[in-house]
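2 protein chains.
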Amino acid sequence: MKRATRSVDIVRIKGVAATKEKDTVVRESSVTIFLNDEPTVTLQCTPKDLESLAAGFLFSEGLIKHGKDVRRVYGDARDCAVWVDAPDGIVPPNGNLTRRTVTSGCGKGLTFAGSVKHIMGAQRRAGKSTSSDIIASLMKEFQKKSQTYRTTGGVHSAALADDHGILAFSEDIGRHNAIDKVVGERILKGKETRGLILMTSGRVSSDILVKAARARTPIIVSRSAPTDLAVKLARELGITVVGFARGSRMNVYTHGWRIESGLGGR
Amino acid sequence: MKRATRSVDIVRIKGVAATKEKDTVVRESSVTIFLNDEPTVTLQCTPKDLESLAAGFLFSEGLIKHGKDVRRVYGDARDCAVWVDAPDGIVPPNGNLTRRTVTSGCGKGLTFAGSVKHIMGAQRRAGKSTSSDIIASLMKEFQKKSQTYRTTGGVHSAALADDHGILAFSEDIGRHNAIDKVVGERILKGKETRGLILMTSGRVSSDILVKAARARTPIIVSRSAPTDLAVKLARELGITVVGFARGSRMNVYTHGWRIESGLGGR
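Chains U and C, in that order, give the protein sequences. First residue of the first sequence? That's 1 in the working numbering, and the numbers climb one at a time after it. First residue of the second sequence? That's 267 in the working numbering, and the numbers climb one at a time after it.
The hints are simulated quantities; they were obtained by calculation from the structure and are not laboratory data. Just so you know, not all the hints are guaranteed correct.
Computed from the model, here is a short list of chain C residues facing chain U with C-beta under 7 Å [stated by the list, open to error]:
| # | residue |
| --- | --- |
| 1 | S412 |
| 2 | A491 |
| 3 | V518 |
Ideal placement from N, C-alpha and C gives every residue a C-beta, glycine not left out.
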């Protein structure tokens, strides 16, 4: 995948055998997002789909409210920068914010988003429901798409889906970045994220819940585990968390009434 | 494991069967490190071994140079805080730093550590070497110790080891936190980290290399993949990176001369 991976020389050891080979590793860059020419954040990320990453990040942090707030966006992987033009009122918090470096893997802590509580009511009323069969089928599609992972073993994937299939898909060394990329892709196209299913290969921690609340996705499906704080937040925010979704198996941690299954809702 | 996990009610779905069960999830808290009463960083972490976490974090960020700089450290998981008393000259960068929130999963980006280059020379000369057999045996011990992972599937592990076995072991929702905890444990005991093998369950990104350089661990062993930037940094810093260490298999990405195997060094 262009710009997402790189070939390196390795020694592959299997028991007593050692051979010199080529291996593919995922790329990692420090990319700075400039909001109206103001450096806003530096993220360790996979330098691909930088426009979506920037739009999704600013949206997840509550700095922009919808795709229309992005008048122009231009990413340059060689310059390690993305420039976002937004209406004048939209500025990084604290005016000239010091350049915050947030890391790979996850990065994205800033979460100037202390204030997700006002979204809760809306989510709780969102009556979106689905079934365990549909989730199993979406996970199958999700796994199939995870191309860079299969090559490098080093990335996270994220997707936005409805009951009929995956609508946006992305990969990144950071699980937060991958989610920002799919959200950004949708809003840059002027499409809704509200009511969709958010899929992630990664662990579901509290900050993932904040992203889902911002995007108004009532269901999060993960191959991996949630933390206790994520479960607590999900309960409060009215978001359904499905973990360990592998094949036809899955654990439903919160708001199980949205998932039709043998047991029905609860 | 005390304070590291919590039990929650879930619906477990397997095909058409759905049952109400208990599941164990890993705990996640926002913990603030106070350095000489100054709030320095807020980390999303597993609220266990907070003293080691604080000492290791401050050391990894270059704010303290050795264990002796920690005159007193006191962590309180209920207050979500760790207080570190250090000599007067030691203050958070920029005097009164605004409270930075760094996230789970990885968090720990700050890396006020732009300046690891001076360490490079030392690492390059560090002649520590080991063998693929020893690494395989250390990984076996590492997997055995990963207790919370087996329960929750939601944590990362880290260890410091020599050729004879694991000397410090820790788990956390964040792979950076887990590494800081083992480094912190060693320095609080007045022990060296220099020359040891750093083991991690997580991906090896550039910031992990910075931590290894600070701790002067010449070898990093991971169950998972490195990024291209981590490989580049490792090459420059003189650090050996072993990835995908599973059973008797492993990939050696850099400075293979430290790993005796069928092929010998290179």
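Evaluation of the provided hints:
no. : hint : verdict
1   : S412 : violated (13 Å)
2   : A491 : holds (3 Å)
3   : V518 : holds (4 Å)
Checked against the numbered hints given earlier, the structure breaks only hint 1 and satisfies all the rest.
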